[in-house]
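Following the hints, position chain P against chain Z.
Protein chains in written order, with this note's numbering: chain Z, 185 to 365; chain P, 188 to 345.
In short, the hints are calculated from the structure, not lab data. Using N, Cα and C, we set each Cβ at its ideal position, and we do this for glycine too. Check before you lean on any hint, since a few could be wrong.
Here are some, though not all, of the chain P residues that point toward chain Z, as calculated from beta-carbon distances under 10 Å [what the hints assert, rightly or not]:
id, residue
1, Leu220
2, Val221
3, Val302
4, Ile306
5, Ser309
6, Val318
7, Ala338
8, Leu340
9, Gly342
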Amino acid sequence: MLGFLLELVRPVFEWVDSFPSSLAWRESLNGYVYLLTAHVVSMGLVAGIIGYWDMRLAGMALRWLPVSKVKSGLFPYLYVGVVVNAGTGLMMVYSQPMRYYPNFWFWFKMAMLVILAVNAAYFHLRIEKTVEQWENDPVAPAKARMAGYLSLAFWVGVIVTGRLTAYSGLVPQWWLDLGLG
Amino acid sequence: MLQSFFQWMQGLSLSAYFLESVWPTPIIQCIHLVAVAVFAGAVLVVDLRLLGSGLKSASIPRLAGAVQPWLIGSFTVLVLTGIPQMTSTALKQYYSPFFWWKMEALFIGVIVTFVIRRIITSKEEGHFGPVWPKVVGITSIALWTSVTIGARLIGLLS
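Bound-form chain P, shown alone:
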C-alpha cells in the first residue's frame, strides 16, 4: 500500500516537471539548504541554552519565544521545498534505507522540538529540575543531526 502511494507520487505531473526541467531542482535544493541553516540555528541556540551553555544571560522562555518565528518559518520552508524533492524521486526514496532513517528521526524530532521542548522552554530555568532540560536539549541536537545525516546519505548512497 505504501509502495503504491510512492508510485502515485512519482507519477504526478509535479514530479515530471521537476525531473524534466533543468533549474527547478537545483533552485529548490538551494532554498532547502538555506532553510536547513536557519532551522539549525534556531534549534541550536535554544538547545545549547537548555544544556546550560550558549546564551546563558537570556532567560529560557524569552530566548525560545524570540527564535520561535524563525523555527516555524524555516521548518515550513523545509517541508514546502522537501515535498517536490521527495515526489520527483519517490521510488528512489522508498527503496532507500536512509530515507526511512530520516523520516523516523524527523517524526521523533518534530515531537521533541515542537511539543516536549515547547513545554520545557515555557517555564523559567529550574522549574523542571536540572536534568530534564539537558536531556531534551541533547536529544533534540542528536535527532536533528541524525535527520541531516540521513538526508545527505539518501543522495550519496542510494
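Just chain Z, same shape as in the assembly:
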C-alpha cells in the first residue's frame, strides 16, 4: 500500500527533477550549503519558540503567564521562522527531488509534520475557542495539555528524522524492499 502510494507521486518528483532551475540549484557550488544552513538556523527559531508555547499549554513552563500573552508575544517571530524554515526546506527538496524521494527519514518527517498540522488545526478550531475561560490558569484543561505534549513530542520527532535524512542507508529492510531507488 505504502509502496503503491509512493509510486503514485514518483512522476511529480521526476518532473521537478527535470526543471532547469532545479538542475541549476543542484549544480550550484554553494546553493545547498546556504539552504541547509538557513534551514538549521530557522529550525532553532521555530522549534525553540513553539517549544515555549507547547510547554505553557502542557504546564511545563511559564505557568504564571496568560496563554494569550504567550501567543501574542511569540507568534509573530514563529511565523517569520516558519516562512524561512518551510521555504528553505521546500527549496532543498526542489533542488534534489530524487535524493529525497527514496529517503525513509524524509517521508517519516513529512508524516510527522502532517500530524503536527492536524494537531495545531484541532487546537485552533476547537480547544482555543474557550481560551478566555482558562488562559490565566497555571494548568490548562486536559485537552490543551494533551495538544501541548503531542506537539512537543512530534517536534522532537521532526528534528530527529530531519537529522537522520542524511543517513539514508540506516533504514529498515522493509523500506529497502519497496525498491524506490
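Structure of chain P alone, referenced to chain Z:
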C-alpha cells in the same frame, strides 16, 4: 602543541568507538540538535524581551529565572553530546576554519549569556537604561546564530 592535543583526542578509544560504530554518531547528533532547539528557545525568549519585544507582559528577572533551568540543562546536553562528535573527528575540526569560528563565537557567547546577560536580567527593566539591555540582547542573538552557522559549515564545507 594544540595540534598534538587534537591528535591525542583523535586517538582516544572513545573516538574509535564512534567512528567504528553505526548508530552512536547519528543518535548523538540527534540529541545535540534537539538540545540546540531547546537552547535556542531559552536564549531567544529572554533576548527578545531585552529588545523590548516578545513576552512583554513578563518581568525580565522573572522570565530569565523561569527559563534558566532550560538554558543550563540544554547547554549541558550540548557540551556532553558535542565532545564525542569533536573527538571522533578531531583532526578534521582542527583544520576547519569554521570550527575555530564556532569556538570563538561560543567562547564569547558563553561570557555574554552566562555572565553579562545574567547581570542585566537580574534587575527590573530600566535599571540599566534603555540601551544596554538591547545591546546585550542583539549581541547574544548574533553570537548564537554565528555558533550555529559555524557548526553547520564544519560538516558541509570542511
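Checked hints:
no.	hint	in the structure
1	Leu220	holds (5 Å)
2	Val221	holds (5 Å)
3	Val302	violated (22 Å)
4	Ile306	violated (23 Å)
5	Ser309	violated (18 Å)
6	Val318	violated (22 Å)
7	Ala338	holds (8 Å)
8	Leu340	holds (7 Å)
9	Gly342	holds (9 Å)
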